[in-house]
Amino acid sequence: MAIKDHPPAAARQVNFRNSAQWLFGVAGRVLLALGWVAAVTFVSSRLIPVNELTAGFLYLVAILLIATGAGMIESTIASFVAMLCFNYYFLPPVGTLTISDPRNWVALFAFLATSLTASQLSARAKRRTMDAIDRQNEMEKLYSLSRALLLRDPTRPIAKQVVEEIARVFEFTGVALYERGSAETYRAGFEDLPAIDSELREAVIRSQASRDENRALLITPIRLGREPIASLAVRGGSLSDAALQSLVNLVAIWLERAFSEQAVNRAEVARRSEELKSTLLDAIAHEFKTPLTSIKAATTDLLSDPAAKLDARERELISIADESADRLATLVTEAIQLARIEGGKFQLQRSIHLPGSLVSGALRKTKPLTNGRNVNVSVPENLPLVSVDAELIQMVIAHLIDNALKYSPQHTPISVGARENGNHVIVYVVDQGVGISEEEQSQIFEKFYRGSKQRHLKGTGMGLSIAREIVRAHGEELSVRSKPGEGSEFSFSLPVADGSSAL
Amino acid sequence: MSAGRILVVDDDPQIRRAMRTTLTARGYEVADVRTGEEALDELRSSNYDLVLLDMNMPGIGGLETCRLIRSGSEIAVIVLTVSNSESDKVDALDAGADDYVTKPFSTPELLARIRATLRRLTHSPDQTQLSQLEGRGVSIDLASRQVNVRGRASRLTAKEFDVLSYLIARPNKTISHRELLQAVWGPDYGDELEYLRVFINRLRKKIELDPSKPQFLVTDAWAGYRFQLPQS
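Quick note, the sequences are listed as chains A and B, same order.
Residue numbers for the first sequence follow our numbering, beginning at 1 and rising by one.
Residue numbers for the second sequence follow our numbering, beginning at 1001 and rising by one.
Don't read these hints as lab results, they were simulated from the structure.
Glycine included, C-beta positions come from ideal geometry on N, C-alpha and C.
Since no wrong hints were added, every one of them can be taken at face value.
Derived CB-CB ranges, DEER-like:
{"#": "1", "chain 1": "B", "residue 1": "Thr-1021", "chain 2": "A", "residue 2": "Glu-477", "range": "47 to 57 Å"}
{"#": "2", "chain 1": "B", "residue 1": "Asp-1141", "chain 2": "A", "residue 2": "Thr-330", "range": "42 to 52 Å"}
{"#": "3", "chain 1": "A", "residue 1": "Ala-283", "chain 2": "B", "residue 2": "Leu-1229", "range": "48 to 58 Å"}
{"#": "4", "chain 1": "B", "residue 1": "Ala-1025", "chain 2": "A", "residue 2": "Val-264", "range": "51 to 61 Å"}
{"#": "5", "chain 1": "B", "residue 1": "Asp-1094", "chain 2": "A", "residue 2": "Glu-275", "range": "17 to 27 Å"}
{"#": "6", "chain 1": "B", "residue 1": "Asp-1094", "chain 2": "A", "residue 2": "Gly-225", "range": "44 to 54 Å"}
{"#": "7", "chain 1": "B", "residue 1": "Pro-1230", "chain 2": "A", "residue 2": "Val-264", "range": "46 to 56 Å"}
{"#": "8", "chain 1": "B", "residue 1": "Glu-1037", "chain 2": "A", "residue 2": "Leu-348", "range": "29 to 39 Å"}
{"#": "9", "chain 1": "B", "residue 1": "Asn-1172", "chain 2": "A", "residue 2": "Gln-349", "range": "27 to 37 Å"}
{"#": "10", "chain 1": "A", "residue 1": "Ser-304", "chain 2": "B", "residue 2": "Arg-1044", "range": "27 to 37 Å"}
{"#": "11", "chain 1": "A", "residue 1": "His-286", "chain 2": "B", "residue 2": "Pro-1230", "range": "44 to 54 Å"}
{"#": "12", "chain 1": "B", "residue 1": "Glu-1134", "chain 2": "A", "residue 2": "Gln-349", "range": "40 to 50 Å"}
Next up, chain B with everything else stripped away, as it sits in the complex (with noise of 0.2 Å):
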């Protein structure tokens, strides 16, 4: 059985190469694209379970190629760059990229990635009492990721729904950074404040009605996260 099925989207033949061979040593199963466009395309057409997406690339490249396949799937995706710069990096998962790996980088590191992004939170039994939540013209339903603001439907990606229903698993309480990262991306995980940042910022586009005025997603500054229930 494969360990999953992911699209390598490089413009560079030898880093294709590189990729097929290693990944699919590994048990992935593999198909590699030129470029954005190609990338969108192959997506239409066939499923995958997570997009190795190059962001130097001729045509779209690949900051709009990743806004494009957010905007119509919940597909995971690892963005893999030259540049080592934090704006970059948050632009990146601005973008909807669930992680973010230097080039040039190595195997066991990009595997760790790969098996981060994938990972899936292993659901507490507290959380199904909360499987449903209702209020202030909010509803989330934590079994189908669908999320209703005002009637405005979206989904939530699967890292999203991880940092979601970890937060509200632990309701009114704060759940420091690290606490976070490590619990939905994995223990080699603990100071990319960035990602929180950025995910944060993502689910309260989601979830939020007002997102620069949360009321459920709370910053408690410098310690963490926190769930506010709605008192109703």
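Next comes chain A alone, as it looks inside the complex (with noise of 0.2 Å):
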């Protein structure tokens, strides 16, 4: 955050002043310390005649108070008139700007030479005093500044709040700020700076001071690190460097600041927008699977009950209720999912697991269709770890098992494996089914989306599209390799856990 292009130390400070005014001052000092050698003449040569070495230190005495009171230029000015006044009136022959004896030269250059050199070190000293207090005033109004902005409120714009702060402490005219992230210019000041904002954007983009003497205006880059991020334009009022590269540093930190609050109040927002549609999904599943609990107790139990005795006409409509019930289920599980997982604004709650026990976990949720279907499981010991979410994992493969189950013929077997790959483990749901023209392989992702020949086939047509969502939050891709009348291999990586942590 450095400010470069800065004058060097002759032109320290950043002087607004009117060069007229000051002239003016100057001018009316000169004059005052020609009255005080003027005084000190006619007290020394008319009042009170003294000799001329008297008189030669009552106009040193008065320089000196003239250096200290006044400055350089009013005391070295006074110098030179109190030597011709020293030289007309006290050395003879008096009343002559003439000097008969060599040794009164030497008088008289002794008296120029200590009284230049005198003014010049008490207006130095002078100056450096000056000086002092400045920067003194300067830290002062920083340290109030700061203060300011601690107590700030935290409702407004902190930006804003920076502006107007910096116009109040430092008595500027004007103060703008423009913020590089939201593109705005903030104001204060009873100047509005309304033509400001290009030369604004320039000093940003730029990342360069610049300093207008005529209009009085000071724009310099507030860089973070070495990315400037904003600018800050003040106007009618003096800052030494130093003070600058701190009023620079505070607004800087204050940026800082203000960007990471607003970014913690955004994650905030969306995590009160992701818990509300929690929630609401949590009451829909639950209103929906209440009354589907108590049909499937009862149908499950009469079909289950030797002791129930059902003829064949009530175990078909038994057996219907039940596995409308079903469907009813799974659907009001797979819109929750999908509702839950669309827009991939879910967490993933990573750990570490074996890949045989996912595919393990996905051939026990779908236990109750894989009744009667012959599938090859293939999943070797030595495999990697993986570092994913297990439960969401667990239900694409039951999803794939799923879906080559019922896009295949029931004689036929499906394979379901995992197989390393570098730094990825496979996973893949093999069946020898219908398999799936290349047209249709881009549309099987598609929500709602079912097989052209395959509509009477049970299902939401969600399936997939949960699946592909949930591989895609790990960071990998879902593929399918599939030619029509051969069958279909759904596959998808996972990544494989670095480290080895325990169970």
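Both chains are sitting in their own frames, so use the hints and assemble them into the complex.
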């Protein structure tokens, strides 16, 4: 956050004073200094006549007082005038500007040299004192700015309060702050600095400070690290380099704080809406599944109890009710899964798992479907551990198994397995079913898409869509290879966990 | 003779009706209540073998009810819930439940879970040799299911007891997850690693001096669990 391109030490003061006014002030003080010299001359030559030695000392005292009270220019002019007066009124021949005794020449020049040196020294001391007072004022202002910002109103934008406080504390007539991220300009002070926007943008882009003495305007970029994040324009006030640097640093810190607060707020809003969505979905799931539970309890009880002694018609009708309840339950579950997963805004709960336990977990979920089907499972024992959300990945595998079973004839086997591939584990589900034509392969992951010839099949058409969303959330991709008439292979990769963590 | 006394806790009247009918037909004695508060009252006044506990109820809710039941009793608890998420399962098991059934469930599945939960481990003869275990400030009495750790006494639930006694009967030997699950819960089980994780943690809290650094119930990463006999 360094400010470059500043004039060197000679012009350390960023002074926006009116030069005519300044000239007028100097002229006034010179006249006053000359008055002092005249007064000393009058007193020493007319009122209380003294010898040339005493007169010389009196002149020196006057010069020192002028140097301390006014400045270099005033005391230098006064020194020359005093030398002339000293020569005219006190060095013989008195009343002329000539000097008869050569020793008096030495005295005259000794006087001039002493008075010039003394006035320089004393003026320098005075300037240092003034500088120190200025620095102290600036530090006090910076301190009061930081304090004011600490007590800021948390409900208003920080940038706005920063410019207002700068204008108030440093008494600038106009302050403008351009924030790069939001492309917004904040203004304060009674001057609006209306036409400054393009210059502020320029300062950020070029990352360069600029100074315009005519308009008493200073524009400086504000950097965070090396990145310019904003620019600040101030008008009508004085500020040393060091103070400007501190001010810029202070603004940078506050802007950074504003950015991080905004980020936290955004995350909080997202979290709350996610929480609301989740609560709503839980409530819907509960409301739908409660009546389904009593239906299922009744139908499955009758169908499974040999003591119920159902005739064929009763068994058929109860089976219809039972299967429809299953279908409704799956529909609700999948619709809620999809709603939860869609938009990718859900939290993965990753942990370390054996690929084999993911596959067996999925097979457990699909047990009612795989009854009577030939399912080949092939998961090598020595596969590396993967870092995944186990519940969701099991859901993916279960959807793929369900899909394979649905789209292949009853008598054909399906294969489920996993294999290692670099730093990934590939999980695959293969069927020997009807296959998917190339045009259809791009559509099968669409929501509610069903195979063109299989519209009679049970299912929601959401399974593959859910599966792909979950795999994508893990940063991986679900892909399909298929030839019509020969079958399909769905596969996806899982990231291998780094290091080994114990169960 | 009744197959067992079951208390059904659910706020939905239809589910209570269905449970009463199906369970009574299978020989269980069934009572039902609408809330967790009523369940706690009922459990104080009568004896039951098992509680079927709904999670989503008005009032104190299922999870808290489960905790309160567990704080005063070792009765078997099966939780019924619509949520299928791993974290909800673990929460329920952590609260002291013995098993977990997702709504909607089929009656045969529920009956199997009830049987597995009420099922007791058949005691092998070598177990009697280790009915008392003393060492390093811990004493475990398998006969009374009493555990004493530095003078702090606690009792084990039936399933906790079965897990522990199965491991103690095979000391210093790693028992695979599957073997342990099938031995304690039944042949239909084998992949429910979260059950073991929770039950082992519950046991460690009761029998270990420092549950985070177990000296008896040792995890053999990715293989199973082992009961390490105190060397004294």
